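Asker: Here's the letter readout for the chains.
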Amino acid sequence: MHWLLWSVVIITVLMTTTAWALWLERKLAARMGSRLGPTMVGRHGLLQPIADLLKLLQKEDILPEAADGALFNLAPILTAVFAIATVAVVPFGEGVIAADLDIGVLWVLAFGGLMVIPVWMAGWASNNKFALLGGMRAVAQAVSYEVPLVLASMVPVILAGSMSMTDIVHYQQQHSWIALWPTLPGLPAFLLFLLASLAESNRIPFDIPEAESELVAGVSTEYTGMKFGLFYMAEYIHTLVSSAIGAALFLGGWSGPFAPGLHWMLLKTLGLFVFIYVVRWTLLRFRQDQLMRLAWVWLVPMGLVLVFMAAVVVVWGGA
Amino acid sequence: MAVDETARNYTHPLYDTLLAAPGLNVLAGSVDQLLTWGLKNSLWIFPMATSCCGIEFMAASASRVDLDRMGTIPRATPRQADVMVVAGTITVKMAPRVKKLWDQMPEPKWCVAMGSCAISGDFYRDLYPTVPGIDTVIPVDVYIPGCPPNPEAVMAGMLRLQEKIALVRQGLFPPHGSSKEDRPETAKMANPAVRRLLDPARDAAITAHQVTLAGTPSPDTVDSPPLPVDASTAGSADRDLEALLRDRFGVTEFPKDAPPLVDAAFHVELARTLRDRGFRQYVTCVASHWPGDPETFEVATVLRSTGSGSQLAAWRVRVAAGEPVDSLCGVFAGADWQEREQFDLVGLRFAGHPDLRRVMMPEDYVGHPLRRDFASDAPCAPWR
Amino acid sequence: MGYPLDTLRALGVTLKNLVRPPTTVEYPKVTRPRSERYRASFALLHDENNEELCIGCLACERICPSQVIAITAGPKIQSVTTGKKRGTATDFTLDLTACIFCELCVQVCPTDAIIMTRTQEDPGFSREDLVLTMDKLYKNEKDRPAAWGNATKLLGMQEQEAKKDE
Amino acid sequence: MATASLAAIVFVLISAVVASSLVVAAKLLRVRAKVDSPLKRRTYECGEEPLGPTWIQFHPRYYVVALVFVIFDLEAAFLLPWSLIVRELGMAGVIEVAVFALILMLGWAYAVKKDALKWQ
Amino acid sequence: MMQVAFGLVAACLLLAALFSIGSKNLVHGVLWLGATLAMTAVLYLMLDAPFLAGIQLLLYVGGVMTLMVFGVMLTRRHADLAVLREQRRKSRGAFVAAALFGTLAGATVTTPGLDAPAAGSATTVELGRALLTEHLLAFEVVSVLLLGALIGSVVLARKRDFGATR
Amino acid sequence: MTPYLLLAAALFCVGVYGLLTQRHGIGILVSIELMVNAANINLVTFAHFRGGTAGPALALFALALTVAEVAVGLAILLLLYRQKGDVQVDDAKELRQ
Amino acid sequence: MSAPQPQHRIELAVHEGEGDLMLVNFGPQHPSTHGVFRIKLLLDGEIVVKAVPYPGFLHRGVEKLAERLTFTQLGPIVDKNDYIAPMTNEQAIFMAFEKLLGIEVPRRARWMRTLFAELQRVASHLLWLGTFALDLGGALGGGATVFLYCFRERELVLDLFEEVTGARFHYNTHTMGGNRHDLPAGYAQKVHATLDVIAARLVEYEHLTSTNRIFDVRTRGVGTISSELALGLGLTGPVLRASGVDHDLRRDAPYGAYDEVPVNVMTETSGDCLARALVRIREMTESIRLARALIDGMPEGPICGAKAIKTPTQFKAASGQVYVGIETPRGELGTYVIAGGNERGAAPYRLKIRPPSYHAMSVLPYVLPGHMVSDVVAILGSLDPIMGEVDR
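Top line first, the protein sequences correspond to chains A, B, C, D, E, F and G.
The opening position of the first sequence corresponds to residue 1 in this note's numbering, with each subsequent residue numbered one higher.
The opening position of the second sequence corresponds to residue 1 in this note's numbering, with each subsequent residue numbered one higher.
The opening position of the third sequence corresponds to residue 1 in this note's numbering, with each subsequent residue numbered one higher.
The opening position of the fourth sequence corresponds to residue 1 in this note's numbering, with each subsequent residue numbered one higher.
The opening position of the fifth sequence corresponds to residue 1 in this note's numbering, with each subsequent residue numbered one higher.
The opening position of the sixth sequence corresponds to residue 1 in this note's numbering, with each subsequent residue numbered one higher.
The opening position of the seventh sequence corresponds to residue 1 in this note's numbering, with each subsequent residue numbered one higher.
Since the hints were made in silico from the structure, they are not lab data.
It should be emphasised that the depicted structure is a prediction, and the values quoted were computed from it without experimental measurement.
Label pairs and their computed distance ranges (CB to CB):
1. B:Pro-22 to A:Gly-271: 50 to 60 Å
2. E:Ala-5 to D:Ser-20: 15 to 25 Å
3. G:Lys-316 to B:Ala-320: 22 to 32 Å
4. B:Ala-321 to G:Thr-311: 31 to 41 Å
5. D:Ser-20 to A:Val-274: 24 to 34 Å
6. C:Glu-51 to B:Pro-294: 56 to 66 Å
7. D:Ser-21 to C:Pro-4: 35 to 45 Å
Glycine is no exception: its CB is placed at the ideal position from the N, C-alpha and C atoms.
My request is simple: use the sequences and hints to build the entire structure.
Answerer: Next comes the structure, spelled out in structure tokens:
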């Protein structure tokens with residue numbers, strides 16, 4: 001039953017990490033803008049996420065009269081569930097995994113794709129135009145980038161000959177990080193994966209669905225209190241989990257010298273997370289049609305080419 | 001530990017239950033402290049930034065003062081905000097919207113009035129379009145003086161709000177003991193007559209007005225503005241304006257200190273002529289009301305030639321009250337909004353204007369405030 | 001330049017700023033030094049003999065564009081020090097709720113009685129908290145550092161050379 | 001049923017419990033307004049009353065995006081089993097799959113040429 | 001233990017299916033269909049077919065659902081989504097469905113040899129091998145089918161698209 | 001094995017019921033989805049209990065078919081809606097002619 | 001990319017079954033309307049079919065106030081109109097009053113006013129760049145970072161103003177006939193130090209915005225305004241210059257010290273958002289150059305050519321009509337004064353302020369149709385509207 005233990009541990013750690021990842025992001029963003037970020041709530045503002053959580057828990061719950069109540073209330077929960085559930089197949093160390101499914105990569109992709117449903121649900125159920133536009137944009141963007149994401153993640157699968165994340169990490173332990181070698185499908189595939197993950201988790205330059213300068217707050221425009229909190233949390237969980245998956249698929253997961261595997265995995269995850277946020281606080285955003293064009297015209301064929309390149313590498317290397 | 005229920009518009013069921021249960025007072029106390037701490041330290045701001053103070057509010061969020069240090073995040077939607085910072089003048093056209101956005105914020109919520117305009121309406125306070133202080137519309141918790149308050153003062157105001165939140169939860173608010181009305185300063189205030197109308201009757205009136213306004217949302221029926229006229233035939237600026245006016249438009253007097261007065265019949269023709277002679281930029285038009293006998297209106301139009309040695313061309317036309325002036329919309333696209341504004345404020349009609357609606361004042365406003373016979377302190381507020 | 005290079009260049013800028021020291025001044029803990037002329041609130045002054053300088057001439061009340069000053073002129077009294085007759089103000093209110101801090105009242109004061117101070121008033125819980133009554137104004141003389149300007153200096157600055165021409 | 005599958009299902013259940021527990025906690029802790037304004041539950045639209053319906057009929061072009069996505073997702077679903085046995089099938093497999101992909105890319109080329117994937 | 005789990009999943013699945021048919025609101029109906037499909041994925045996991053479960057989630061719940069949701073949004077003003085249904089058709093439908101279920105259930109229960117122990121599902125590797133060897137032709141034909149669907153739908157949906165483009 | 005088959009049968013019948021009662025085009029598509037799903041459950045069940053790769057392979061192909069069916073079905077509904085302004089299938093019998 | 005001419009009446013060919021149009025309120029309270037401004041948008045999907053702007057949510061009646069207040073009192077009042085560039089507001093109104101009253105402004109005061117105006121232009125354009133980036137990049141992204149940088153440097157300029165006037169924002173430093181505050185000792189060094197910092201940082205902003213590909217694709221070809229439309233609508237300032245009209249009052253109708261310190265006018269031809277952005281960014285460099293030249297050549301002498309303000313009714317004009325336009329960061333800020341207000345003529349009879357932003361906003365119905373919702377934000381931001389000025 002150690003998997004049950006790991007499940008509980010992983011979820012707990014994920015939730016707490018998310019809270020302080022939020023803090024980390026605020027601090028990082030602040031420092032990038034010559035500011036200090038939270039300093040007054042607890043030492044270095046470390047208690048800020050707790051205060052936010054307590055505040056959100058107390059806020060009044062408003063259900064707009066024109067909204068579809070059931071879907072409106074269900075959407076944030078589903079968003080959080082799908083965001084958390086993705087992490088089930090991510091190995092954080094040798095055996096440190098909640099469910100070592102041999103279709104790990106597929107599980108990740110499937111849940112990533114599912115995220116579309118609650119987001120659209122939230123947008124539609126709010127009966128708010130900004131939310132609806134945000135929801136439509138979110139769906140269009142997520143489905144567009146799902147295809148490159150699938151194709152990019154197929155590269156490690158082909159190289160390792162397995163969909164299990166543990167196997168992929170093992171493969172990288174024996175050979176090398178896929179992002180490094182074979183460089184040709186490896187590095188571009190990693191970048192493609194990163195790009196598609198950014199888009200899937202709605203991060204700049206792909207944050208069109210919640211583009212607050214246009215759509216006020218996107219799908220979450222009508223949400224108050226903890227329901228909004230769940231969206232907010234899910235967003236960060238999604239980014240964290242995407243970083244973890246990227247680390248496992250392309251950066252060798254827990255493999256690394258000197259220190260225990262868990263440290264390496266967390267370090268790589270955090271590194272990717274910070275990278276995503278540094279990019280977020282640096283770039284402006286694209287327009288929706290430009291994004292879609294980028295995905296369909298460039299990234300999809302590029303993904304296919306990478307997949308076949310990986311296959312050729314495997315066939316020739318194996319022969 | 002008595003909580004002053006009058007100070008807030010919400011109940012806290014869990015806390016109330018704990019308080020009611022025997023022997024749980026201590027627990028209730030610590031839970032309350034924790035919850036209050038949470039409320040205090042996570043104040044998400046809904047910036048109701050309308051004017052100058054909004055810029056200083058932005059400066060307060062920027063790097064030098066950095067409101068984020070105390071955990072504030074500006075939210076664009078009222079649904080996720082805790083504090084409405086009213087930064088800037090609130091007009092009667094805007095006030096119902098502010099009230100509505102305030103209503104749309106979830107409890108517990110607070111309001112900070114930032115700067116003179118939000119507090120009292122500033123020097124605009126007794127003018128026709130301005131609300132004399134946002135506290136006549138929604139309850140305000142903290143007043144930050146200044147015009148605009150500097151960013152540090154905004155921070156001070158937010159810290160003061162934290163203080164107040166704690167005081168309210170401990171039942172120590174209002175701190176003065178006596179009610180607001182008894183305070184001697186009241187009598188000395190620049191505009192003491194305007195009180196926060198906390199009475200529910202008035203809130204209901206405002207709300208009812210909005211609900212009726214909201215009753216008929218209809219797609220806009222107004223057409224898009226006319227296509228701009230192609231002025232590509234324009235030549236170079238004519239320097240001999242006086243000769244032109246004298247020869248073609250029969251102007252005889254050229255006052256030293258004012259633009260020449262042209263017969264109203266020539267208004268459009270003159271504009272077109274000047275445009276073709278290089279005065280292609282529409283600068284402005286000014287209508288003025290001259291009561292007396294006979295009551296007249298005057299419109300001064302200013303055009304400009306562009307580029308090196310730019311020159312102004314200005315003239316006036318005068319019409320009797322009640323008569324319209326020909327619209328220049330057919331000559332200059334810019335005349336559209338300018339003439340609308342003059343119509344709205346001065347009450348002069350423009351013949352041939354495609355879209356002569358109010359532009360500054362609310363659609364249902366009656367009167368034209370820039371007429372000389374409109375008292376400069378006549379209040380106007382359709383919802384008042 | 002393509003997207004990747006542009007992105008790297010932009011990242012270069014933000015990362016450079018990441019290592020620059022932040023410009024934040026931690027306000028309640030540290031107060032940023034203000035310029036000498038900084039004007040934030042008001043004070044009424046006493047002269048060196050501790051006599052109130054305000055003579056109740058209403059010049060500031062008249063010039064105030066925002067009409068926030070209300071003065072009740074008192075009876076003429078004989079000055080203790082100079083022995084001359086002078087006016088007084090029995091009440092002086094400056095309502096900060098509508099003040100625009102334009103410094104005109106300071107400029108027109110014939111006796112340099114009203115000046116501005118360099119620290120701002122605290123935010124209040126009610127409009128009444130922001131009314132500067134006579135007591136508060138005289139209290140500000142002691143509590144708050146004075147700004148550079150008073151009527152003499154301001155007028156001197158503006159009329160110094162102009163007088164020469166006359 | 002494999003342990004891993006069971007673990008995965010249980011994991012989803014646990015995450016559901018965690019997510020809903022937050023909502024339940026909020027239900028317990030949140031405040032209730034004493035006086036309710038009728039405007040509170042109106043849809044937010046920049047402070048104005050909402051104009052016209054929100055749930056309008058959307059333009060068909062949105063549908064094309066979803067459609068192309070599903071088709072490509074399906075393609076991926078067919079590629080995945082192959083990706084595990086690339087080594088085993090060798091070049092022949094690569095070519096077979098390449099033909100499969102190329103045929104689909106014809107459709108892609110058509111859609112791109114017709115600008116069907118443009119978001120408006 | 002296993003039986004209880006199956007019972008729960010089966011109950012959820014059937015309920016969701018019923019709701020998806022019976023829901024008055026079309027959007028709800030489609031979302032209930034999503035729930036049905038998700039429960040089916042759980043069933044696949046219980047049947048040791050994790051690959052199909054994953055595909056079910058990815059394609060059906062993530063993909064087809066999106067498609068149908070979009071379909072709902074563009075075939076009809078979804079402000080009034082109530083699905084028309086006549087009482088007569090309802091009872092007739094119920095009768096036919098019940099009869100069909102009776103037949104099917106009867107056949108299933110009476111068929112011998114259905115209680116054989118599980119032989120174990122095919123792994124994904126085996127599936128891939130089968131697809132690219134035994135079912136190669138079908139595999140390639142699928143691509144043609146999808147091509148047809150793609151082009152057909154693009155043609156249908158883009159027809160009479162109107163201006164306002166850049 | 002029996003309970004799985006019974007479940008599939010029940011699901012299929014729900015689909016049939018829906019097919020017979022729904023008049024809205026999308027409702028009919030939903031019903032068809034349910035029926036295909038029931039068939040897929042059967043395929044997977046048999047594959048699980050009897051072994052072999054035919055079951056999952058067939059299920060995969062069924063998936064592909066369903067996707068194509070939904071895609072084209074919705075597109076046709078769309079066309080219908082353009083012509084009729086409605087998607088009540090009974091009213092659009094002329095499509096068959 | 002669209003042809004450089006205004007997109008106007010788009011036929012509302014709504015076919016049955018082709019999708020409804022959606023009517024959306026954009027504002028009055030919206031993060032990207034730069035204050036309180038409302039646009040009713042008719043959307044086809046995400047494309048704007050029709051846009052109807054509604055200004056007036058900040059109409060505060062300054063022009064009515066001018067009937068009541070005297071010439072001397074109006075200085076601090078007009079500060080609040082264009083609250084991004086209060087210095088130029090004061091300058092504009094006092095220049096009109098001085099022309100009306102025939103008051104000569106000493107040379108030093110003219111140079112000081114010009115120096116302030118150029119510094120104000122830098123501050124104003126910095127704020128514009130920050131908020132424009134905010135529109136394009138969002139408050140939770142790169143836009144916010146650019147915004148923070150711009151505000152950081154804007155604070156430096158405000159510090160310079162505070163040094164002279166004692167106020168950060170609404171200075172009331174111009175007065176009838178000159179300036180109220182003289183430059184403090186050592187001011188030139190401070191100005192140079194500040195401008196050094198800003199000039200160096202401008203390159204950084206360009207890396208984040210104007211020379212970045214994402215900025216480019218978001219702004220190029222978006223919101224194109226032709227020169228004819230721009231002239232006809234009375235657009236001025238950077239918006240006009242971006243449309244290819246080489247017109248700048250500082251050069252073409254010099255006032256202040258501009259006849260002694262020549263100005264290089266920045267123009268672009270394409271008339272889109274990118275052109276407007278580039279014009280403003282280049283104007284910042286030019287203004288820095290001008291400010292340096294002005295502070296270096298600052299003449300000695302009196303700073304005020306009239307008696308300092310002592311009473312409200314000090315200055316009187318019973319008749320006359322005067323129009324004076326100056327080039328503020330947003331374009332031609334005009335003041336039309338008709339004298340003879342109060343019985344003794346101490347107040348204007350009618351004051352009309354011609355705000356460049358009001359004209360700029362009137363272009364919206366012409367350029368918005370055909371663009372996407374995201375572009376609405378970009379176009380609005382590129383016009384650099386200040387609602388205090390639009391509505392007064």
